[in-house]
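Undergrad: Sequence:
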Amino acid sequence: MAFESFQLSRIDTGEATLRVRHGGAGPPLLLLHGYPETHMMWGKIADDLARDFTVVAPDLRGYAESSKPVTTEDHEPYSKRAMARDVAALM
Numbered sequence: 039m040a041f042e043s044f045q046l047s048r049i050d051t052g053e054a055t056l057r058v059r060h061g062g063a064g065p066p067l068l069l070l071h072g073y074p075e076t077h078m079m080w081g082k083i084a085d086d087l088a089r090d091f092t093v094v095a096p097d098l099r100g101y102a103e104s105s106k107p108v109t110t111e112d113h114e115p116y117s118k119r120a121m122a123r124d125v126a127a128l129m
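In the numbering used here, the protein residues as written are 39 to 129.
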């Protein structure tokens, strides 16, 4: 089963709330999903990585159970910069 030893949390970044799976021990290793996926794309390797790393696998804003901010005309709430701010706050 994927993410067997992981905790599931909801982390408020100040701009969004992210659903995050995290577990393991060692230096942090951030796993980011692509479009249109979720953190589950890492399920087959996350447990193996957690032997050597503290694995952090969030669902980015707008995906799965992470928050879905109201967008604007310029789509700034879903820009790469906005998502980068979320990830920086998460770590």
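It should be emphasised that the hints constitute simulated quantities derived from the structure, not laboratory data.
Among the hints, erroneous ones may be present.
[Claimed, not checked] Simulated crosslink set (DSBU-like; lysine-lysine; CA at most 35 angstroms straight-line):
| hint | residue 1 | residue 2 |
| --- | --- | --- |
| 1 | Lys118 | Lys82 |
| 2 | Lys106 | Lys118 |
| 3 | Lys106 | Lys82 |
Undergrad: Now, for every hint given, state plainly whether the structure supports it.
TA: Verification of the hints:
Distance check on the hinted pair: Lys118 and Lys82 sit about 26 angstroms apart at the alpha-carbon level, within 35 angstroms; holds. For the given pair, Lys106 sits about 15 angstroms from Lys118 by alpha-carbon distance, which is consistent with the 35 angstroms threshold. About 27 angstroms separates the Cα atoms of Lys106 and Lys82, which keeps this hinted pair within 35 angstroms; it holds.
In this structure, every one of the numbered hints holds.
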